[in-house]
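Number of protein chains: 2
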Amino acid sequence: MRVALAQLNPTVGDIDGNAALVSEWYGRAWDAGADLVAFPELVLSGYPPEDLLLRGHFIEECEAALHRVAAGCTGPLAVIGVPVRVEVGRGRAATEPPVANAAAVVLDGRVVTVYKKIHLPNYAVFDEERYFTPGDWVPLVEWGSERLSVNVCEDIWNPGGPTEAAALAGGARLVVSISMSPYHMGKGGEREQMLRRRATDAGVFVVYVNGVGGQDELVFDGHSVVAGPDGSLLARGAQFDEQLILVDLDLSEADAFEGRAVSPDGYSLRTVRIEGAGTARRPGPARQRARPGAAALAPTPGDMVLESPTTGRSLLSREAEVYAALTLGVRDYTRKNGFQRVVIGLSGGIDSALTACVAVDALGAAAVMGVTMPSRYSTSDTRSDAHNLAGNLGIELLELPIESIFVPYLETLAPVFADRAVDVAEENLQARIRGNLLMALSNKFGWLVLTTGNKSEMAVGYATLYGDMAGGFAVIKDVPKTLVYDLARYRNSLDPNLAPIPESTIERPPSAELRPDQTDQDSLPPYDLLDRVVDAYVVRDESVATMVAAGLDRAEVERVVHLIDRNEYKRRQAPPGVRITLKAFGKDRRLPITNRYQG
Amino acid sequence: MRVALAQLNPTVGDIDGNAALVSEWYGRAWDAGADLVAFPELVLSGYPPEDLLLRGHFIEECEAALHRVAAGCTGPLAVIGVPVRVEVGRGRAATEPPVANAAAVVLDGRVVTVYKKIHLPNYAVFDEERYFTPGDWVPLVEWGSERLSVNVCEDIWNPGGPTEAAALAGGARLVVSISMSPYHMGKGGEREQMLRRRATDAGVFVVYVNGVGGQDELVFDGHSVVAGPDGSLLARGAQFDEQLILVDLDLSEADAFEGRAVSPDGYSLRTVRIEGAGTARRPGPARQRARPGAAALAPTPGDMVLESPTTGRSLLSREAEVYAALTLGVRDYTRKNGFQRVVIGLSGGIDSALTACVAVDALGAAAVMGVTMPSRYSTSDTRSDAHNLAGNLGIELLELPIESIFVPYLETLAPVFADRAVDVAEENLQARIRGNLLMALSNKFGWLVLTTGNKSEMAVGYATLYGDMAGGFAVIKDVPKTLVYDLARYRNSLDPNLAPIPESTIERPPSAELRPDQTDQDSLPPYDLLDRVVDAYVVRDESVATMVAAGLDRAEVERVVHLIDRNEYKRRQAPPGVRITLKAFGKDRRLPITNRYQG
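Each protein sequence line maps, in turn, to chains A and C.
Oh and the first sequence: position 136 is 136 in our numbering, straight run, nothing missing.
Just so we're on the same page, our numbering is the position in the second sequence counted from 1, plus 599.
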């Protein structure tokens, strides 16, 4: 049996566009001789559609799109993710949401069965119990002499879950799992290990298709997987790129493997027998039946590959992985929201330099505008670094000095400020003048402002609300400062002859340059310590006591935790950015602003 | 039996402070001769604690506080809301959250039973399935010859739920329901009707205590209720104010009423027999046992009332209710976050005028600073209205003209803007200069900036990000413009001799005054139409087709819906504000920014 995994990039809310993508990739899989093609979770609505799912007409349009697409599916069997309505009494209590997260099985132009996701994630970035009612049965699709099952994303993460039930209790030899699994650092590798273990535990072939793309703060990393019943890795899709992956499987091999290690929970099984023309579509000659009017059966190079154990690509390094996630996140946020160009304030520092590199790699140099906005406190070093960076990247650079604007602000406020000492108010004014200039360019020319703050700064509030935080997308907001350095060096290493980021930018002690001789370390602990506390407190919810017991200095920990807590109000008004850690400042961290708890 | 309802105002995260409040109010209830005192849902943690509930040490501290408080509860029986840990296997699956939303029953210094909320709301502003594992049994507390039950908030909204189960299947004569029920317009009245119906259906006394206060975007409106088994209203707590409510009940009356209309679902019942001194605490002499060292039994006037059917207060009018909600929301956000003073930009328009009235009523005139920031487009009419408003309210007013700052911005940008036409970029610059000036005052003096945009503007993006949207709390962000007018007239009607809002402010066509002779209606449909579409599309998730079928003009509807959709990015960066409708722009409306769906 030739199996195709359609690792494509849908867009939330673009039902017609997504349906067209599914039809197009279905045709390509057919042309390539596939017997079965799997599409990602909720591919027709895009993922996550969030509160669009509360609109009855949205669900109806998704269902209508499914049936339109299905009518053209007269070749391979297809598994397509789609939200569907669920009536009260038919698997749903009156107090449950009227929608299910479904995998439709399509053959011979018809929807032959609709599986409803059983395990609904409702933690971290997920709110699926807000939207969906869970299914309560696992399908066993009898297709000719083959027996297979389908499930959706979270279902397959559960040991003893629907995968084992279908294989061990139901005798399925192939389980198709469709997914939109949000990226964080290292998740692809962990997921791959999980899938191989699940295949082994169930003694079954696992075909796991994951979508790809950026959606607001989430990035989906592709990296689809086919695992054999012995735990072997039979295919690994590209990370962070669209791809049609083709694999030839001999399902009779699954008979040699008994599942082990796990007993399935008591899932209800439902047998679905498929009749009709599609049932003849078996390995061998059937696969050669070309789509009417199709040009050729050969896979297209690049985004369509026939995988085998010997052609498997290797996993990206940590830095390459994160850099690719950032690039994809920026590209999709920009393009899916209809922007042609982005604008970035270049300070000469490492954060804006890295942001500019990502933007250029995502969109091309012509689509990136740099702006340097020197103040009375800017040094000639940082100014020349900004110019060198722009030159190295080949992007246009505007210079808009802020002094002539800063002065009348001070004059206007002088009678009110009177004899108060100069403090953060004057520092923030400068940052906000820069924010206003960037937003004026955005308003005049329709450019998207990319902000440049990193996670360490966002954590402790070392950023100016409406100043350097002003913009539409915060590229590195989930990247801790220590990782910013690693990524800068990684990007420079890709092009040793023309490393884009000046070495002086990397070497200079970081500074906001908002007062004379300022450095970040005047206000903050060293970044390696800060990043350890951010990881422990923000990502892992550790208490102060636990951090101190792990050897961190109590006074420093308490200082950082206090700063993190009191800056929740700033983060609430920050633009979205790419999530790359297990817990970003975004929808996966929901803390009250009004909050007296410490630690 | 004398029952006390402790309608108090806890603070999220302030475990020690909340515990002290509970102990203090317990003492007052004891002094007033209560046999039983009920505290709101999660009173020890504050509500909603959001992701604080993911920290194991936070839950442990709440439990420790419960046991400290309980040790002092040697008088009346107490029902206290608290998050508690739940072990795997003891009512919890491994994949469920390790915490329950509990009502602890306390007597004789000990926790005698802990009920775990069964019905967890996970819609609108609620995320309780993210945090809690549901309970699976309903308690029947046998206390001397009395039989009562307890449940938590959402539990009692379910017909046939734990209330009916306890009364109809278990024979309880009193059900104590503890709650933190977020306000929206008219909800208090609806909730009261529901509680009377529930009491009737179950043939039981219902004692429903709701907390009060503001927590970020939520306001809790108090309005606790005691309903008799015949559906009579026996007590109604103050709306939007703290109060200790005392009611004398003869539980034997419940025997005369058989529940009707509803059969309880199959809840598991668990009998809890209370032994010890507290069991003697019955109506009559026992109630007279004073707390050791207590001064008197008489209720204090004002915040402590002994209710009877004849002393029930009437419900607030719609305008009075919303105005009270806004006032409480502003007061609590300001005080609980430690601000002494707020600052508001006064344009001479109705939105900032209403915002200033609310702030003064919430905090007092001395705590409110007004700032008028005239531009080249400001008229003498609006300038004098701003001064008159400040004078009427008795607040200080600063005047900071923006022209001298606007000019160098234009000069700096002139080489880039070149021959482009003047447009929204120049308009927004002015709004952002004002935002910067307010934030500079905030940074220098520690004042909280209150923003003044209404819901109609927030919907269609008729506001400047980082401009008039800049600030910490958006007082009227959920108030549609048509209701802004009603509230302004309501506030003026309270003080006919010195109506604070100038009549000219109410009568003048609204304008942003960012270009010559501008009015809102140049860019927007009439506000009555706009508000109808906002209500249909935002609050009720109606489709364009439904709105058109209801008689609205298709072109206008499509225009407004398009504006609402494309301004999601702005709202994502808006400050929180008081929720007064069934669906605000806040945590109860979660839409993607990247979203191609229309309608």
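For the record, the hints were derived by calculation from the structure and aren't laboratory data.
Please note that the accuracy of each hint is not assured.
One-sided and incomplete, this derived list gives chain A residues near chain C with beta-carbon spacing under 8 Å [unchecked claim]:
| hint | residue |
| --- | --- |
| 1 | L52 |
| 2 | A550 |
| 3 | R554 |
| 4 | E556 |
Away from chain C, derived, C-beta distances all over 10 Å, residues of chain A [stated by the list, open to error]:
| hint | residue |
| --- | --- |
| 5 | R85 |
| 6 | E242 |
| 7 | S263 |
| 8 | S317 |
| 9 | N337 |
| 10 | P408 |
| 11 | A425 |
| 12 | N428 |
| 13 | N443 |
| 14 | Y490 |
| 15 | S523 |
| 16 | H562 |
Below, simulated BS3-like cross-link-like pairs (lysine-lysine); rule was C-alpha separation at most 27 Å, straight line [unchecked claim]:
| hint | chain 1 | residue 1 | chain 2 | residue 2 |
| --- | --- | --- | --- | --- |
| 17 | A | K570 | C | K786 |
| 18 | A | K587 | A | K187 |
| 19 | C | K1169 | A | K187 |
| 20 | A | K187 | C | K1182 |
| 21 | C | K1186 | C | K786 |
| 22 | C | K786 | A | K583 |
The beta carbon of each residue, even a glycine, is placed where N, CA and C say it ideally should be.
So if I understand the rule, the pair passes when the alpha-carbon distance is 27 Å or less; does K587/A with K187/A pass?
At roughly 18 Å apart (the allowed maximum being 27 Å), K187/A and K587/A satisfy the hint.
Hinted pair, alpha-carbon criterion (27 Å max): K187/A, K1182/C. Please report holds or violated.
36 Å, violated
Does the alpha-carbon distance linking K1169/C and K187/A stay inside the 27 Å limit?
31 Å, violated
Using 8 Å as the Cβ threshold, decide whether E556/A counts as touching chain C.
19 Å, violated
Minimum Cβ distance from N337/A to chain C greater than 10 Å, as the annotation requires
Violated, since 6 Å does not exceed 10 Å.
Since H562/A was said not to touch the interface, does its Cβ keep a gap of more than 10 Å from each Cβ of chain C?
Answer for H562/A: holds, closest chain C Cβ roughly 13 Å.
Quick check for students: does the CB of S523/A sit more than 10 Å from each CB in chain C?
15 Å, holds
Minimum Cβ separation between S317/A and chain C greater than 10 Å?
28 Å, holds
Pair hint K1186/C and K786/C, alpha-carbon separation not exceeding 27 Å
18 Å, holds
Closest C-beta approach of L52/A to chain C relative to 8 Å, hint status:
6 Å, holds
Classify the hint on A550/A as holds or violated, based on whether any CB of chain C lies nearer than 8 Å to its CB.
14 Å, violated
Could you check that no beta carbon of chain C comes within 10 Å of the beta carbon of Y490/A?
27 Å, holds
Going down the numbered hints, you'll see the structure goes against 2, 3, 4, 9, 10, 11, 12, 13, 17, 19, 20, 22, while the others check out.
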